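Novice: Next come the chains, spelled out residue by residue.
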Amino acid sequence: MTTLTAEHLVKNYHLRRGLRGGTLRAVDDVSFTLEPGRTVALVGQSGSGKSTIAKLLLQLERPTAGRILVDGKPVQRRGGGLRRYRRTVQMVFQDPFASLNPYHTVEHHLERPIRLHHPKLASDEVHRRVLHLLERVRLTPAENVAARRPHQLSGGQRQRVAIARALAPGPGVLIADEPVSMLDVSIRLGVLNLLATLQREEDLGLLYITHDLATARHFADEILVMYRGRIVERGDADEVILRPQHEYTKTLAAAAPNPERRLSELRGG
Amino acid sequence: MALTTQAAGPVGLPAGSAPQPTRRRRLGLPPMTAKLATGLIISGAIVLFGLLGPFVVQDPARVDDIGLTGPSGAHLMGTTQTGQDVLAQLAYATRGSLTIGAIVGVLTLLLSGFFGVVGAYAGGWVDEFFSLCTNIMLVIPGLPLVIVISSYVPDKSLWLVALVLSLTGWAGSARVLRGYTLSLRNRDYVLASRVAGEKRWRILAVEILPNLIPLLASQVVFAVIFAILGEAGLAYLGLGASGSISWGTMLYYAQNGLALRLGAWWWFVPPGLLLALFGAALSLINFSIDEIINPKLRNQTRSARRGWVMSRKQLETAKEATL
Chain A
1 MTTLTAEHLV KNYHLRRGLR GGTLRAVDDV SFTLEPGRTV ALVGQSGSGK
51 STIAKLLLQL ERPTAGRILV DGKPVQRRGG GLRRYRRTVQ MVFQDPFASL
101 NPYHTVEHHL ERPIRLHHPK LASDEVHRRV LHLLERVRLT PAENVAARRP
151 HQLSGGQRQR VAIARALAPG PGVLIADEPV SMLDVSIRLG VLNLLATLQR
201 EEDLGLLYIT HDLATARHFA DEILVMYRGR IVERGDADEV ILRPQHEYTK
251 TLAAAAPNPE RRLSELRGG
Chain B
270 MALTTQAAGP VGLPAGSAPQ PTRRRRLGLP PMTAKLATGL IISGAIVLFG
320 LLGPFVVQDP ARVDDIGLTG PSGAHLMGTT QTGQDVLAQL AYATRGSLTI
370 GAIVGVLTLL LSGFFGVVGA YAGGWVDEFF SLCTNIMLVI PGLPLVIVIS
420 SYVPDKSLWL VALVLSLTGW AGSARVLRGY TLSLRNRDYV LASRVAGEKR
470 WRILAVEILP NLIPLLASQV VFAVIFAILG EAGLAYLGLG ASGSISWGTM
520 LYYAQNGLAL RLGAWWWFVP PGLLLALFGA ALSLINFSID EIINPKLRNQ
570 TRSARRGWVM SRKQLETAKE ATL
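Note that the protein sequences, when read in sequence, are chains A and B. Using our numbering, the first residue of the first sequence is number 1, and each one after it goes up by one. Using our numbering, the first residue of the second sequence is number 270, and each one after it goes up by one.
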């Protein structure tokens, strides 16, 4: 049971343009809470700061201002504190073709996080856990998949491996950065349903970063709409989609394909 | 806003159909092509000659009063102007040249790996500093520096020549390695292992280095060619290691002994030919390694491409499946 809280996060990037420097504010005063068993969707266009928030939460970048709290305590940035944090917060990357090392087998990808966070386990116990993880993400026969290397798997299968890797340390919070945007449309729902099932089973807090309003509404309890680094609208999923308040959310909702509206337009015109 | 649903059942892989990853694939060895086989056979033969030859030939330094003679039963490759056996000299010269090549190959690998890979991975001012060192070494003209150093030191050992050659030769590969490492260190799988909690040195050694192996191998092979040719050039100018014999020193003595004017082809053709053959063989090996790094360089033959076409039976089953 972990609650992850972001308080007034700010991230500035310094740009170098010749001798003149500039500052880009990628994330501007963002606060939210991830609670166990709840899914929060972070919606916004490209460059709105969604992935920067993911990097900040994963301690891959240092926030310019603001704090990240785990169960009310500030995150430690090094040593044992950071290791405990890594066990708690895990991530599924956007591109399953880039997030698995082409040189190593599937087994290596799952074995390392298990060994890192449970250093005392015997080798056959680690192997048993690897197979169990693969079965949980519905990659069977697990023994066969474990021996394969990423290039022998399809995009959907790779993303399942990436999800298994994120689950390996037994995290309480999962951050999924556009987990299906690189996948074929026909298998997206399968991967999303898998994520939702695993979330229910483990009672995970899930941050679902996406630019797809339809899946955000379907899977999330709460939606945060980001625009130019700021959260411009937040609230209950249906509320945000059906009664958007901010101008940007309205445009976003109107841009989503709506067959009924289109059909009535065609009939009317 | 309706969502199409589909069964989210298990994504099973057909059992038994999967090709088990073999040791060969894991090590990332290049596929055996005619190019690679030719290169390996030629360079292997030359290396064997350099390793074993000196044990079976005559003393290369023994002077005989028969003078310059062509190939005969007593001297299979003839003799030099001072009656030394050319075959014996060639065997020792091969050993000398290969030794230089090997030493320089290892030293270049260490230097370029340290300055290129470690610098790029560490980032920040370390990278700036390492990159500055690389750039300085890169703009220093190699051969003149080698000549200056070689002529400044009176008693040159084989090691000194090798050291000088590797000092002037590592910068180019360091730059190539740096560029590739910069692209690797920001790949998602490196971030993923950071998120998993891997230590920094372990990410470098286990996640990044294996993906650099083909590049490192090709840089080493290139460094070996560079070293052997560079040493030959130095020795030909009379600046080689004192007391040692290599292909370059053989050519130097042949030139001094007016071998070309006297028509003594058995004196200068063997070392020149071995030099050219070894360089060509290593280049062939290098091309094969390059094809791993850059698959676009692979050229499929017409017959290989024909193999990609579906057979009639496969076409029929595919058609049935879509109906």
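Be a bit skeptical, because a hint or two may be false.
To be verified - Just the calculated beta-carbon pair ranges, DEER-fashion: (1) A:Gly-66 to B:Leu-379: 41 to 47 Å; (2) B:Ala-391 to A:Gly-21: 45 to 51 Å; (3) A:Pro-119 to B:Ser-580: 48 to 54 Å; (4) B:Gly-448 to A:Lys-250: 14 to 20 Å; (5) B:Leu-414 to A:Gly-80: 49 to 55 Å; (6) B:Gly-393 to A:Gly-155: 32 to 38 Å; (7) B:Leu-401 to A:Thr-251: 46 to 52 Å; (8) B:Arg-471 to A:Ala-214: 36 to 42 Å; (9) A:Gly-80 to B:Ala-371: 58 to 64 Å; (10) A:Asp-184 to B:Lys-588: 19 to 25 Å; (11) A:Thr-251 to B:Thr-586: 32 to 38 Å; (12) A:Thr-197 to B:Ala-391: 38 to 44 Å; (13) A:Asn-258 to B:Trp-394: 40 to 46 Å; (14) A:Gly-79 to B:Leu-317: 51 to 57 Å.
Hints in this document: simulated from the structure, not taken from any laboratory. Small disclaimer: the values here were computed from a predicted structure and weren't measured. Using N, Cα and C, we set each Cβ at its ideal position, and we do this for glycine too.
Novice: So which hints don't hold here, by number, going up?
Specialist: Result: hints 2, 4, 9, 11 and 13 break, sorted rising.
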